[in-house]
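A.B. asks: Position chains U and P against the provided structure of chain X, taking the given hints into account.
Protein chains in written order, with the working numbering: chain X, 1 to 44; chain U, 1 to 250; chain P, 1 to 232.
Just so you know, these hints were derived from the structure itself, not from any lab.
Fair warning: this is a prediction, and the values are worked out from it, not measured in the lab.
A virtual CB, placed ideally from N, CA and C, is assigned to each residue, including glycine.
It is possible that part of the hints are untrue.
[Claimed, not checked] Which chain U residues face chain X? A few, computed with CB under 7 angstroms, are given here: (1) 10; (2) 12; (3) 51; (4) 54; (5) 99; (6) 110; (7) 114; (8) 117; (9) 121; (10) 125; (11) 128; (12) 178; (13) 220; (14) 224; (15) 231.
[What the hints assert, rightly or not] Pulled a few chain U residues facing chain P out of the computed Cβ check, cut under 10 angstroms: (16) 22; (17) 137; (18) 169; (19) 232.
[As the list claims (entries may be wrong)] Simulated DEER-style distance windows between Cβ atoms: (20) U:83 with P:91: 22 to 28 angstroms; (21) X:39 with P:91: 23 to 29 angstroms; (22) P:39 with X:43: 34 to 40 angstroms; (23) U:117 with P:172: 42 to 48 angstroms.
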Amino acid sequence: MKHADFIIVSWLLSFGPVMFYAWRNARRARHINPLVDEADKPWT
Amino acid sequence: MPSATASVPPPTRTAATRNLGLLAIAGSVVLALLGLIFTAEDVDQGSSVRIMYVHVPTAWVAYLAFVFTAVCSAGHLWGKKHSLNLDRLAGASAEVGVIFMGVTLVTGSLWGRLSWGTYWQWDPRLTTTAFLFVTYIGYLAVRGLGGTQRQRAKRSAIVALFAVLEIPLVHFSVVIWRSLHQQATVLRPNGDVTMDGLMLFSLIFGVAVFTTIFAWLVLHRNRVLAMEDAMELRGIDTALAARRSEEVSS
Amino acid sequence: MSASINRTFGIAKAVASKDLRVEMRSRVMTNQILPFAAIVMVLFAFALDNDGVLQRVAPGLVWMATLFTSLVVVQRSFAVEAADSAIDALRVAGVAPQGVYLGKVAALVVQLVAFEAVLAFLALILYRVNVDAHGAVLLVTTCLLGSLGIAALAAVYGGLSIAGRGRETLLPLLLLPAVAPVLIGATRATESAFGSDGARVVEGWPWVGLLAVFGAVFLFGGTLGFGPLTDE
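Isolated chain X (complex conformation) (with noise of 0.2 angstroms):
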């Protein structure tokens, strides 16, 4: 591998996983949404 090809995979594994964690955990957000009451969410 060249320079540059070190420098890009390095910025796409600082932001990468990241993104997946976060998208993650929207996701499992909006899927135990409906189980939990308006009440405990203190910050809506």
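C.D. replies: The following block gives chains U and P in isolation, referenced to the frame of chain X:
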């Protein structure tokens, strides 16, 4: 029930997290422009310094996350209310920290390949980071042990404080261990290079951007954990009732 | 104040002697764990297959074998408590958890030191290392303090693994990264005692200091943390 789609905003969103998220996205775009295009190449490191603009901020966030976990754990243990929300914040922060620590290790070794000529060095900073990574995976496993939420909170808070005790000891012992051994003979510039103004600004800007991302992730994750806990506490009955009504109607 | 401290030590003594008596009677130590440790030392010799290399890495092998054996010993030590909910009985009886913790640590230290003695002896014979009188003093001190460090942490994480019943697999994940300083310190000190790789005996003593700090920190932390960790 219609399946949830990405167009529906997640229930953990508030105006604050939405703005924080937009800020993080805008910051990331600017950081990419700065780090990949506008900054010059380093005199010693060449273009591999461009890895630093993401490596240093992720490392910073990982350590910040673990300090935050420790602070929340201490707050849970010694606070008057033994707040479960502090425990959930500690857990959310540790999860995000483990992700960033993993990213740091990978980008660090990619940088090492370019600068040192090898993916791994028994460098004290690197070794301590690897230990932290494993230690906090253990912490997350402790969180998953089960039991009541109070048990989980107390247990994991103590483990988090033990982890904080371990880190300086591990780091110190690795430092003196390495100082007795001959350094590897690969090209070994220090990670701290002399930087011009724009490079330094980009680095600090990166730290700010990733700290924003951290705050955004932890807020969302903390709310999901709160929902999970609430669901566990009283949702079981609701879920059962919903299930029964489904069966009747079908 | 001093009365309660005396009481704590009384409990510690009772727990420790109970643990050791259980081990003596069950003979699992002598009949299963010791042979396991011995075969590990022989297998290292097969794997490395070179007298020179063996002599050089003998200290590391002794402590690696100790670490892995300690996992088994700790699991046994707390399996005894989990069986028939013995620990719950202690709790209900109002026994001070600090006493239970210190007793557990003491029993673990005794067992680990016994192991290390056997392992070091095997290293002397199988790997042909030499120890002089000064080296022997260093070796004994290293074994005592190294075992203390391992036991102080292992008792905390062992207590955790009975709290979350049936999750013994957690112990290695938590314990092994945490005891890395013990492995580093004890191995270097033992290298000096064995004279491996031209190390001199006096060079070993600073490492003993590291072991002492480690042991003190976690003995203190464990005394505070063990109670809240197991009482629920």
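A.B. asks: Hint by hint, say whether it matches the structure.
C.D. replies: Hints and how they fare:
Hint status for residue 10 of chain U: holds, given a least beta-carbon distance of 4 angstroms to chain X, under 7 angstroms. At a threshold of 7 angstroms, the smallest CB-CB gap from residue 12 of chain U to chain X is about 5 angstroms, leaving the interface hint in force. The beta carbon of residue 51 of chain U is positioned within 7 angstroms of a beta carbon in chain X (closest approach about 4 angstroms), and the interface hint is therefore held. The interface hint given for residue 54 of chain U holds, since its Cβ lies 4 angstroms from the closest Cβ of chain X, which is under the 7 angstroms cut-off.
Interface hint at residue 99 of chain U: satisfied, since its Cβ lies 5 angstroms from the closest Cβ of chain X, which is below the 7 angstroms cut-off. Interface restraint check: residue 110 of chain U against chain X, minimum CB-CB distance 5 angstroms, threshold 7 angstroms, status holds. At a threshold of 7 angstroms, the smallest CB-CB gap from residue 114 of chain U to chain X is about 6 angstroms, leaving the interface hint in force. Look at residue 117 of chain U: its Cβ only gets to about 13 angstroms from chain X, farther than 7 angstroms, so that hint breaks.
The interface hint given for residue 121 of chain U is violated, since its Cβ lies 16 angstroms from the closest Cβ of chain X, which is over the 7 angstroms cut-off. Among the interface hints, the one on residue 125 of chain U is violated; its C-beta lies about 17 angstroms from the nearest C-beta in chain X, farther than the 7 angstroms criterion. Because the closest C-beta pair between residue 128 of chain U and chain X is about 20 angstroms apart, greater than 7 angstroms, the hint is violated. Interface hint status for residue 178 of chain U: violated, as the beta-carbon distance to the closest one in chain X is roughly 25 angstroms, over 7 angstroms.
The interface hint given for residue 220 of chain U is met, as the beta carbon of that residue sits about 6 angstroms from the closest beta carbon of chain X, less than 7 angstroms. For residue 224 of chain U, the interface hint holds, since its Cβ comes within 7 angstroms of a Cβ in chain X; the closest pair sits about 5 angstroms apart. The criterion of a C-beta within 7 angstroms of any C-beta in chain X is met by residue 231 of chain U, whose closest approach is roughly 5 angstroms, and the hint holds. Hint on residue 22 of chain U is violated. Least Cβ distance to chain P is approximately 38 angstroms, over the 10 angstroms limit.
Contact between residue 137 of chain U and chain P, as hinted, is supported at the beta carbon level, the nearest pair being about 7 angstroms apart and thus within 10 angstroms. Because the closest C-beta pair between residue 169 of chain U and chain P is about 5 angstroms apart, less than 10 angstroms, the hint holds. Checking residue 232 of chain U against chain P: minimum C-beta separation of about 16 angstroms lies over 10 angstroms; hint violated. A hinted range of 22 to 28 angstroms holds for the C-beta pair residue 83 of chain U and residue 91 of chain P, which are about 25 angstroms apart.
Separated by about 36 angstroms at the C-beta atoms, residue 39 of chain X and residue 91 of chain P break the suggested range of 23 to 29 angstroms. Taking 34 to 40 angstroms as the suggested C-beta distance range, the pair residue 39 of chain P and residue 43 of chain X does not conform, at roughly 58 angstroms. The given range of 42 to 48 angstroms is broken by residue 117 of chain U and residue 172 of chain P, whose C-beta atoms sit roughly 34 angstroms from each other.
Hints 8, 9, 10, 11, 12, 16, 19, 21, 22 and 23 from the list above are not met by this structure, while the remaining hints are.
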